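Enquirer: Sequence:
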Amino acid sequence: EPPKISDNEIIWTDLLLDIFISPEGKITITDEDEFERLNLKEKDKDSWKNSIKAKDEIIRMFKLKKEPFDKK
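Just so we're aligned: 33 in our numbering is position 33 of the sequence shown, and the numbers increase by one with no gaps anywhere.
Just so you know, not all the hints are guaranteed correct.
Computed list of lysine-lysine pairs in DSSO-like fashion (alpha-carbon distance at most 30 Å, straight line) [said to hold, decoys possible]:
no.	residue 1	residue 2
1	Lys43	Lys71
2	Lys45	Lys66
3	Lys55	Lys45
4	Lys26	Lys71
5	Lys65	Lys26
6	Lys71	Lys41
7	Lys53	Lys4
8	Lys26	Lys55
9	Lys26	Lys4
10	Lys65	Lys43
11	Lys63	Lys53
12	Lys26	Lys41
13	Lys4	Lys66
Calculated directly from the structure, the hints in this document are not laboratory data.
What you are looking at is a predicted structure, and each value in this text was computed from that prediction instead of being measured.
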């Protein structure tokens, strides 16, 4: 779910991996250390794969300017 942005605040859901994209287009991924500590790769491989796939897909969509990243 995209963040909700108003004049004086930004509200977002804190997920396992958070992807922030600055107005300049810089991509920052946070919580990767916490994600690794969950050891999902060993405990729940499907969830781990889906999380990585979703992260990669969001970055790909941004780079290709696909919706919702197609607006200025």
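Enquirer: Holds or violated: are the alpha carbons of Lys65 and Lys26 at most 30 Å from each other?
Expert: holds, 14 Å
Enquirer: Given the hinted pair Lys26 and Lys71, is their Cα-Cα distance within 30 Å?
Expert: holds, 16 Å
Enquirer: Given the hint that Lys63 pairs with Lys53, does the C-alpha gap stay at or below 30 Å?
Expert: Cα-Cα ~15 Å, so holds.
Enquirer: Given the hint that Lys65 pairs with Lys43, does the C-alpha gap stay at or below 30 Å?
Expert: violated, 34 Å
Enquirer: Holds or violated: are the alpha carbons of Lys26 and Lys41 at most 30 Å from each other?
Expert: holds, 27 Å
Enquirer: Does the alpha-carbon distance linking Lys4 and Lys66 stay inside the 30 Å limit?
Expert: holds, 19 Å
Enquirer: For a C-alpha distance cap of 30 Å, please report whether Lys43 and Lys71 respect it.
Expert: violated, 39 Å
Enquirer: For the pair we were handed, Lys45 and Lys66, check the Cα-Cα distance against 30 Å.
Expert: Distance of about 28 Å is within 30 Å: holds.
Enquirer: What's the verdict on Lys55 and Lys45, does the C-alpha distance respect the 30 Å limit or exceed it?
Expert: holds, 15 Å
Enquirer: Given the hinted pair Lys53 and Lys4, is their alpha-carbon gap at most 30 Å?
Expert: Judged against 30 Å, a Cα distance of about 24 Å means the pair holds.
Enquirer: Need the status of pair Lys26, Lys55: alpha-carbon distance at most 30 Å?
Expert: The hint holds at about 15 Å.
Enquirer: Is it true that the CA of Lys71 sits at most 30 Å from the CA of Lys41?
Expert: Given that 30 Å is the threshold and the Cα spacing comes to 35 Å, the pair is violated.
Violated hints, in rising order: 1, 6, 10; the structure is consistent with all others.
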